[in-house]
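Chemist: Chain by chain, the residues run as shown.
There are 2 protein chains.
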Amino acid sequence: MTSRKLQVVSPVPADIDIANSVVPLHISEIAKDLDLNPDHYDLYGKYKAKVLLSVFDDLKERQDGYYVVVGGITPTPLGEGKSTTTVGLCQALGAFLDKKVVTTLRQPSQGPTFGIKGGAAGGGYSQVIPMDEFNLHLTGDIHAITAANNLLAAAIDTRIFHENTQKDAALLNRLCPPNKEGNRTFNDIMFRRLKKLNITKTKPEDLTPEEVNKFARLDIDPDSITWRRVMDVNDRFLRKITVGQGPDEKGMVRETAFDISVASEIMAVLALTTSLSDMRERLGKMVIGNSKSGDPVTADDLGLGGALTVLMKDAINPTLMQTLEGTPVLVHAGPFANIAHGNSSIVADKIALKLVGPGGYVVTEAGFGSDIGTEKFMNIKCRYSGLKPQCAIIVATIRALKMHGGGPLVTAGKPLDRAYVTENVGLVEAGCVNLARHIENTKAYGVNVVVAVNKFSTDTDAEIAAVKNAALAAGAFDAVLCTHHAHGGKGAVDLGFAVQKACENATQPLKFLYPLDISIKEKIEAIARSYGASGVEYSDQAEKQIEMYTKQGFSGLPICMAKTQYSFSDNASAKGAPSGFVLPIRDVRGSIGAGFIYPLVGTMSTMPGLPTRPCFYDIDLDTETGRVKGLS
Amino acid sequence: MTSRKLQVVSPVPADIDIANSVVPLHISEIAKDLDLNPDHYDLYGKYKAKVLLSVFDDLKERQDGYYVVVGGITPTPLGEGKSTTTVGLCQALGAFLDKKVVTTLRQPSQGPTFGIKGGAAGGGYSQVIPMDEFNLHLTGDIHAITAANNLLAAAIDTRIFHENTQKDAALLNRLCPPNKEGNRTFNDIMFRRLKKLNITKTKPEDLTPEEVNKFARLDIDPDSITWRRVMDVNDRFLRKITVGQGPDEKGMVRETAFDISVASEIMAVLALTTSLSDMRERLGKMVIGNSKSGDPVTADDLGLGGALTVLMKDAINPTLMQTLEGTPVLVHAGPFANIAHGNSSIVADKIALKLVGPGGYVVTEAGFGSDIGTEKFMNIKCRYSGLKPQCAIIVATIRALKMHGGGPLVTAGKPLDRAYVTENVGLVEAGCVNLARHIENTKAYGVNVVVAVNKFSTDTDAEIAAVKNAALAAGAFDAVLCTHHAHGGKGAVDLGFAVQKACENATQPLKFLYPLDISIKEKIEAIARSYGASGVEYSDQAEKQIEMYTKQGFSGLPICMAKTQYSFSDNASAKGAPSGFVLPIRDVRGSIGAGFIYPLVGTMSTMPGLPTRPCFYDIDLDTETGRVKGLS
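Chain order of the listed sequences is A and B.
Offset between the first sequence (1-based) and my numbering: plus 20.
Offset between the second sequence (1-based) and my numbering: plus 20.
Hints were generated in silico from the structure; no laboratory data involved.
Where hints are given, some of them may not hold.
Where chains are identical, the list cannot tell them apart; a pair therefore holds if satisfied intra-copy or between any two copies.
Said to hold, decoys possible - Cross-link-like lysine-lysine pairs, in silico, PhoX-like; alpha carbons within 20 Å at most:
hint: 1; residue 1: Lys463; residue 2: Lys260
hint: 2; residue 1: Lys200; residue 2: Lys434
hint: 3; residue 1: Lys215; residue 2: Lys541
hint: 4; residue 1: Lys200; residue 2: Lys649
hint: 5; residue 1: Lys52; residue 2: Lys66
hint: 6; residue 1: Lys215; residue 2: Lys521
hint: 7; residue 1: Lys312; residue 2: Lys564
hint: 8; residue 1: Lys25; residue 2: Lys434
hint: 9; residue 1: Lys66; residue 2: Lys541
hint: 10; residue 1: Lys270; residue 2: Lys521
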């Protein structure tokens, strides 16, 4: 079977078996459907292509298509099928409703692929293919981020080392070596630092000793360094490490850590940038820590903004793939949904909106529940992109609603309690308070909200009716049952119709939850109220950081809350729609280059671990066919 | 100007300016010249393609072309132009002598690109283009190695952690969880371990407690772990680190280090493998350390051989690029030339030899001087590939020969002494002892040796004549002056003719320096004799390791000496052709999966550092054109 003609069987086979049962179309055929000419993309093998940003320039006069964001209710640890719904809806719009459609998705980290979680390409008959390429190196964007992130990290420690072992004049001489004619000069990136220091001189020899000191000595406070090394591997032993213990490093040891690569600020930059020149500026502005006198030290101060951009120059182009039914997908960027904003890239969405054109659809997913994902989509991503969605989807499952209604604990890897597989309308109705708050919050942005009930085989008609009623009562534009996991696009045709109607009837402008020109605390409090909190409590550390960022001139940035996805509140076990709680802010950090401040509500792990028997035990290559086995 | 029509100017412009002045051909045109059809390769953008291993199957009946290896005399720290000569010769053979030709080169590490060294694509009018793509991510092979290497590293520490915190029965239960039917089973990779342990049982519940212990508990001795993490960045602060300091790791701290990625054993595997199934076996056999009872622990024991192969499945395909004159280049693998064998891949050479066919030429470079590079090419690479070169080139410069004749110290970054830029035939003649020994050693393999004198503008006719005479007297087949740096392929036409004649007149079989079935020490001593040593001295540590590897059954592997490239001896300042010295072996290590034992003659740095003003200061992207600036 080749892509586009999906023949479903029941019961639904394993994801990898479905993915392997379909021969993907050559990606140039998908590109052709989008009217892309071969100059608009670079092939990466037969099933992937990088769409070049220049497409956007060529199409800038064209009107955008409709823009749809997929969020969810507060999930169980099993996930409620947001990616699957996103893919299924697009298969419906493209393969059944004859609409131009592009799905825009995040690139998954390779860490979990080999750990516990397995892949992230959707599921059942709603998947992105080839599934192994989606989950593995793809077109190297995350590897580019790793390389760029770690070059900056190496530059930080090495610079401190060289500053500690050289006097000002020697430092200047090394930074500005004589050229062929014997003259010392500043280069482009050095002029950026000179400008920041308000030094207008153009020749190294004209600097006063004080200016030499300011220019050549970044004077980084080692304790202030927030930049960590990264690796796209689940390596728990790197959560806290000591570096610099080699004899040549002269005792300049320092405690630090590795994060998983997708937690790098460079990933957030990639997701939020709008052009090559914008990316150059954001990368250069990334703050790695402070000088001993409290000034932020940036990548450009270290001479690296340009080199980082060079490392990221191909990564800025989104990767074109396809769904099981041959509709186009742009995979691009995958920032964390807590310490970052959890949305795929702006550039992919912008290109996609031009490619589908008026009457077409771009459907993108926002990570975690809509309290986090959709909120950040609106207040961070749309704020930077200038784009406005017409419709927001909230994916709900009977299972999760029952949990919110008071059902027993749902734990990954353990069998579901009976309550979840037998009819219990009361539990569903009680749980709809969670759905209702997500609807109200999302509606407040000025979009039409469509609830998608992702059906499991054990769900009953009465339970589904209860959800629909509650959704409409809470102000949803529509609420629709979907069976795309079992049936592919055909199972999401009703959702497609509802989304079409919602988009065609969208009239309001985008209303942000908060303006940018209020204080950091006021912004945090506006978001906290949307969670149902009665107030916010700041730790001393958080107070200190807020004061610092304000003083450094960064208080105008949007806020990216790092909060659990398992509750509206900070307490993961508070299900339903908790209210009246005080939201604790433990710490406040900044991704200044990417462009947001992120308050930490609790502890966020930025480096997962491996279980005793990781997925990798089952992953192998059939060396006869070259096919990947055992990916799930 | 498009590729193939080279218009040279004088004086020779900067490498990047030459590279940027030529518009490369679409790589599909290069592929077409090689009679590759589109099924034989995957495009990676417009100027790179991965040639698929299946090509080899399609062409296996075709006769191989001539096989030429490029080595050098003992170099100065400035390098004597081995890569440039390799590329220049191929431009001559392909663009001027109308021969089918493929250059096979190593992929450079990205670390030095941003550090001191700059790029590695040749130089002047003999370069691989696009130069930025060659020096940066290329097609992601090194990134794949980094990912695979570090997944294995994470698995090691995590496994020790889980074994320390779980009893045997719990470990077995976690390793073999019940399937849907409630039965526990072993999977494929577990059967590999069971076989190694001589356990023939097929069900977990049938194991005796003792067998459970042997199967489930790898019992890795932390002090024996030789597997390190890697990063393709010059990060000196990772040369010695402590990991596991996070509170969740329960005090299981351990000292370890990062190497630069190209030092990973996986890179050596990639370079020495001959097929997908061979790579699967080599990756699985990699030894990461010993159990507490002294048995080697492998990647397969950790359940990872298959997953590592999946991560490396695209990396096994060589990358097709082109020279400035449009001749094809296969870039593939770049193992260290000391702790590994410093040669590009076997699979690229095998494919290339079929592609050029009878009468065509494959020219490959061997890292460092021929005492190291060519020796390892013959005794390790050709031993595993079964291929036989007809001709070996030795690149010499007047500059290096003068140094060997007693000229003053040559230091990178400092002006050359007058002796090197004015005629001094006596110094050249005296230095030819170095060249002579390289010729004799190389000739002993049964190949015809052609000396290529890489001309600098200050070299005089009398100096060059002295080298030619000495070369012929030492048994060289021919000695030829080349000016490919200044003139491109045209400057290496004479070299091309000489190589052609050398290949057509090659008659001897390949004679290895040592057989495999002698002891590790006997092999080390055979190589030491070729250096001019009168004997070998082993440290206690080296003795211990040799005993261990012999006991573990690895004494039949070839030897890969980790020695300075700056002298035949262990003493970098002993120029010319030292003899009578005793070669000290400090330590002996193994790359068991790749397939060699490597004795350490002195200390080898496997993680470079950054200078105070790294290259990255000058590297930037022109965000208007997307072009890379400042790469050198």
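Chemist: Give me the numbers of the hints this structure contradicts, sorted from smallest to largest.
Modeler: 1, 3, 6, 8, 9 and 10
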